[in-house]
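**Q** Residue numbers (the working numbering), protein chains in the order written: chain A, 5 to 424; chain B, 5 to 424.
Source of the hints: derived by calculation from the structure; they are not laboratory data.
Heads up, some of the hints might be wrong.
Since the list gives no way to pick out one identical chain from another, each pair is judged satisfied if it fits inside one copy or across any two copies.
[As the list claims (entries may be wrong)] Straight-line distance between alpha carbons at most 25 Å, and here's what the computed DSS-like set of lysine-lysine pairs gives:
#: 1; residue 1: K230; residue 2: K211
#: 2; residue 1: K240; residue 2: K7
#: 3; residue 1: K293; residue 2: K351
#: 4; residue 1: K365; residue 2: K416
#: 5; residue 1: K39; residue 2: K417
#: 6; residue 1: K331; residue 2: K39
#: 7; residue 1: K211; residue 2: K331
#: 8; residue 1: K63; residue 2: K183
#: 9; residue 1: K365; residue 2: K346
#: 10; residue 1: K346; residue 2: K423
#: 11; residue 1: K230; residue 2: K242
#: 12; residue 1: K259; residue 2: K351
#: 13; residue 1: K183; residue 2: K86
#: 14; residue 1: K346; residue 2: K211
#: 15; residue 1: K230; residue 2: K39
#: 16; residue 1: K293; residue 2: K423
#: 17; residue 1: K346; residue 2: K39
#: 18; residue 1: K86; residue 2: K293
#: 19; residue 1: K35; residue 2: K293
#: 20; residue 1: K346; residue 2: K7
#: 21; residue 1: K7; residue 2: K242
#: 22; residue 1: K230; residue 2: K88
No experiment lies behind these values; they were computed from the predicted model shown.
There are 2 protein chains.
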Amino acid sequence: MAKPNAFYAQSGGVTAVINASACGVIETARKHRDKIGKLYAGRHGILGALTEDLIDTSKESEAAIRALRHTPAGAFGSARYKLKGLEQNRAEYERLIDVFRAHNIRYFFYNGGGDSQDTAYKVSQIGEQLAYPIQCVGIPKTVDNDLPLTDCCPGFGSVAKYVATSIREAGFDVASMAKTSTKVFVLEVMGRHAGWITAACGLAADKPGAVPHILLFPEIPFEPQKFLERVDQTVKEKGYCVIGVSEGLQDAEGKFLSESGLRDAFGHAQLGGVAPVIANLVRERLGYKYHWAVADYLQRAARHIASRTDVAQAYAMGKAAVEFALKGHNAVMPIVVRKSSKPYVWKVGMVSLADVANQEKMLPRDFITPDGFGITAKCRRYLEPLIAGEDFPPFKNGLPDYVTLRNIAVPKKLKTAFKV
Amino acid sequence: MAKPNAFYAQSGGVTAVINASACGVIETARKHRDKIGKLYAGRHGILGALTEDLIDTSKESEAAIRALRHTPAGAFGSARYKLKGLEQNRAEYERLIDVFRAHNIRYFFYNGGGDSQDTAYKVSQIGEQLAYPIQCVGIPKTVDNDLPLTDCCPGFGSVAKYVATSIREAGFDVASMAKTSTKVFVLEVMGRHAGWITAACGLAADKPGAVPHILLFPEIPFEPQKFLERVDQTVKEKGYCVIGVSEGLQDAEGKFLSESGLRDAFGHAQLGGVAPVIANLVRERLGYKYHWAVADYLQRAARHIASRTDVAQAYAMGKAAVEFALKGHNAVMPIVVRKSSKPYVWKVGMVSLADVANQEKMLPRDFITPDGFGITAKCRRYLEPLIAGEDFPPFKNGLPDYVTLRNIAVPKKLKTAFKV
C-alpha cells in the first residue's frame with residue numbers, strides 16, 4: 005500500500021508567522037518520509053481541498069521551505085470559508101472525502117483561529133460518520149490571541165511587538181513636536197472583539213508617564229466625556245497625549261465607533277477607521293492639533309519586526325502537529341503551555357479540538373486598570389515574554405527578502421468539479 | 005578669553021535619524037574641546053534660543069549621546085517656527101544676539117529642511133548686519149527629500165525603507181487573502197508636495213507584477229476613471245491590487261483628495277486621510293472589498309527599520325557641520341554628493357545656504373512612468389542605494405531601547421523674558 009499523504013491548509017486572516025508553522029509542518033513531514041508520503045497544501049486553504057486544487061510541496065526546494073520561516077502571510081493562500089455542519093451541507097464533506105481518497109490523504113493539518121478549529125473538528129468527525137479514516141490536527145494561529153486553552157496564539161506576539169514598537173516610536177515623535185504642533189496622536193490597532201492587541205500597545209509604557217497615555221479597549225464601552233477629560237489632563241500635564249485604540253471600540257449601546265461618525269460626500273457611512281473618529285472628537289471638543297494612524301494589515305504582516313518567541317512557537321506548533329498525527333492522535337491541537345513567566349519557560353501541550361472550537365478568550369478585566377485606560381502589572385507579566393527577542397529576516401537590496409513558492413499543482417484525479 | 009560656545013537646534017518635522025545628526029554634532033564638538041567650549045541645544049528648537057531655554061549637552065553621558073544615533077525623533081524638542089526677515093521682526097534677531105552674547109555662543113548649527121535653512125541663512129547674516137560675529141552652518145534633514153543640491157536628505161532613506169518594506173509585507177498579506185476576501189489595499193504615505201516617499205513604495209516592486217501595482221503621486225493630477233480602470237484590470241489579471249498613495253494627491257483642479265470627500269456626522273470636512281477616500285471610491289465604483297492603512301508618524305519615526313546608509317549620512321552631516329565651522333565657514337550646509345550609484349559611493353560636499361533656502365526639489369517627471377502609476381528604472385537607480393543596509397537599534401524587553409536625555413537647563417543670564 006502506498007504511504008499515506010498529508011494535507012495542510014491555511015485558514016482565515018494571515019499573520020507574520022503562519023508560514024513559520026507551515027515550515028514546521030513541512031520540515032517535520034520531510035523528516036518522516038517513511039510514514040508520510042507527499043505533503044499537499046490547499047491552494048487558498050480549504051477551497052483547495054474542495055476544488056481539488058492541491059499544491060505539491062515536494063516540488064519546493066529545502067531553501068524555499070526554510071525561507072517560509074521568515075516570510076509573512078500565507079504562502080499557499082488562505083481563505084475565509086467556514087464549513088457548515090455535516091447535516092447542513094453533507095455534499096461538502098463527501099467532496100472532501102472524495103478528494104482525500106483520490107489522493108490517499110490520511111492526515112489533515114488545519115492552521116487557523118477559532119472558526120477554523122471548528123472546521124478542523126468537523127473534519128475530524130467524518131472518519132467515523134462517513135467511514136473514511138483521517139487524522140485531523142489543528143494548528144493554532146490568530147493575531148487576535150483569542151483561542152482558549154493555549155497560553156497564546158502564534159501570530160499575536162509579533163503583532164504585539166509591532167504595535168508596541170510603533171506607538172513608542174510615534175510617541176517620541178509627538179513628544180518632539182508638541183510644543184508648536186501635534187499634541188494628540190491616535191493609533192488604531194486590530195482586535196475587533198478582544199483587546200489583546202490594544203493591551204500590547206501598553207507594553208511601550210514601561211516607565212511612569214511613558215507613551216501610550218490612554219488605551220481604548222473593545223471590552224470597555226467608550227465614554228466620550230471621561231475620555232476627553234483624560235486627554236485634556238494629559239496634554240496639560242505632559243504637553244501631549246498618545247492614544248492606542250481598538251478598531252472594535254464600541255459606545256455604551258454596543259455600536260462600533262468606526263461606523264458612527266464619518267460619511268462620504270454621498271452620505272454613505274465610511275467603513276473602518278475609528279482613529280479619525282476619535283481624533284476628530286478631540287479636535288472638535290478640545291481644539292488640539294492631532295495626527296492619527298491606522299496600521300491595518302501593516303501590523304499583522306510585519307515580519308521584519310517579528311517576535312523571536314512568536315516565530316519559535318509558530319514553528320513548534322507546526323512541528324508538534326505532525327508529531328501528534330504520527331503518534332496516532334486525531335481531533336487535537338498543539339498549544340503553548342506556560343511553565344513560568346520570569347524567566348519565560350514554555351512547552352508544547354495538547355488539547356482536544358472539541359474543547360477549542362468556537363470559543364473566544366477575552367482580555368480578563370483584571371488585565372485592564374480600574375479606570376479602563378491602561379494595562380495592569382498582571383497583564384504586562386503575561387504579555388512581556390511574548391514579544392521577547394528579535395528574528396529579523398534576511399535583507400536584499402535594502403528590503404526583506406521573502407520567498408514566493410512555485411506552488412505547482414498536483415494533477416487532478418477526479419472527473420467532477422465542485423462549486424463552492 | 006573664554007572659549008566660544010556653540011548652539012544646536014532641531015527644526016521642523018522630526019525623522020528617524022535627526023538625532024544621529026545631533027550625535028554627529030555633539031561627538032565631534034567634544035573632540036574639539038580646545039576650540040568649542042560648551043555645546044548648548046535649544047529646547048524646542050529655535051524657541052530655546054529666543055526664550056533663553058538652553059540645554060547643556062555636556063551634562064549628558066557619552067553613552068547617552070552615543071544612543072542618540074539609534075533614537076528617533078528630536079531629543080531636544082523640535083519646533084515649527086519660521087523667523088521672519090530682519091526688516092519684519094528685528095526684535096527676534098536682536099533677542100537671538102542677546103542670548104548668544106550672554107552665553108558666548110559663536111557657532112550656530114541648525115538641523116532642518118527648506119524653511120529651516122532659510123532661517124539659518126538669515127541668522128548667518130546678522131553677524132554683518134547687527135555686528136555680532138557668528139558662524140552659521142545648516143544641517144540637512146527632511147523625510148520629504150525636497151532640499152536642493154544635496155543628493156538626498158537624511159531622514160528620507162529610512163522612511164523610504166519603511167514604506168517599501170511595509171507595502172511589500174501588506175502585499176504578501178493581500179495576495180494570501182484575495183481569493184475570498186480583500187482585493188484592494190491602499191497605503192497612504194507622507195510627502196504633501198513632492199512624491200519621493202510615494203516613489204519609494206515602488207522599490208518593493210522589484211519583479212514584474214510585484215506589489216505595489218499602482219502609485220498615486222502628488223505631481224500627477226488624479227484621474228478617477230483612468231485609475232479605476234487600472235485597478236479593475238489589475239484585480240482581473242492578478243487577483244488583487246495594491247496601491248501606494250501620497251497624502252498630497254490632488255485632482256485636476258489642484259484640490260487635495262483628502263479634503264474632498266469625507267465629512268463627520270456634523271458635516272465638517274474630515275482633515276487627513278486620502279487612503280479611505282481612494283478605498284471608498286474603489287468600493288463605490290468597482291465593488292471590491294478593500295482595506296486601507298495610514299502610516300502617518302509611524303513612517304518617519306520608524307527607527308527600528310532605519311536605513312544604514314541614511315543613519316551614516318545623518319551622522320556625517322552633523323560631524324561635517326562642526327568641522328566646517330571650525331574651518332571658519334559661515335552660511336554653508338554640508339550635503340551628500342553621489343559619486344556613483346552602482347556601487348554606491350558618496351562623499352560630503354558643501355554648499356552655500358543662500359543657494360539652499362526655500363527651494364523644493366520635486367520628483368523629476370522622468371522618475372515616473374509615462375502612465376503616471378509607477379517609477380522608472382532611473383528612479384530605482386537613484387533610490388535603491390538610499391535604503392541599503394540595516395542599522396537595528398538595541399532591544400530591551402522586546403522593544404527598541406531608545407534614550408531620553410536629561411536635558412538639563414543652562415542657568416539663565418538675561419533679566420528679560422521674550423514672548424514668541
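**Q** Are the hints correct? Go through all of them and say.
**A** Each hint, compared with the structure:
1. K230 with K211: within (24 Å within a copy, 51 Å between copies)
2. K240 with K7: Neither. Shortest intra-copy (70 Å) and inter-copy (40 Å) distances fail the 25 Å Cα cut-off.
3. K293 with K351: For K293 and K351, the Cα distance exceeds 25 Å both inside one copy (48 Å) and across copies (40 Å).
4. K365 with K416: This pair counts as neither: shortest intra-copy Cα distance 40 Å, inter-copy 57 Å.
5. K39 with K417: within (23 Å within a copy, 83 Å between copies)
6. K331 with K39: within (11 Å within a copy, 76 Å between copies)
7. K211 with K331: Neither: 48 Å inside a copy, 43 Å across copies.
8. K63 with K183: between (59 Å within a copy, 23 Å between copies)
9. K365 with K346: For K365 and K346, only the intra-copy Cα distance (23 Å) is at most 25 Å; the inter-copy one is 53 Å.
10. K346 with K423: neither (52 Å within a copy, 52 Å between copies)
11. K230 with K242: Only inside one copy: K230 and K242 sit 18 Å apart there, 48 Å across copies, limit 25 Å.
12. K259 with K351: Answer is neither: 40 Å inside a copy and 58 Å across each miss the 25 Å cutoff.
13. K183 with K86: The answer is between: 14 Å across copies meets 25 Å, while 52 Å in one copy does not.
14. K346 with K211: within (19 Å within a copy, 45 Å between copies)
15. K230 with K39: Classified as neither; 61 Å inside a copy, 55 Å across copies.
16. K293 with K423: Close across copies (22 Å), not inside one copy (53 Å); limit 25 Å.
17. K346 with K39: Answer is neither: 39 Å inside a copy and 51 Å across each miss the 25 Å cutoff.
18. K86 with K293: So K86 and K293 pass the 25 Å test across copies only (18 Å; inside, 44 Å).
19. K35 with K293: neither (58 Å within a copy, 41 Å between copies)
20. K346 with K7: neither (45 Å within a copy, 53 Å between copies)
21. K7 with K242: For K7 and K242, the Cα distance exceeds 25 Å both inside one copy (67 Å) and across copies (36 Å).
22. K230 with K88: neither (44 Å within a copy, 42 Å between copies)
Hint violations for this structure: numbers 2, 3, 4, 7, 10, 12, 15, 17, 19, 20, 21 and 22, all remaining hints satisfied.
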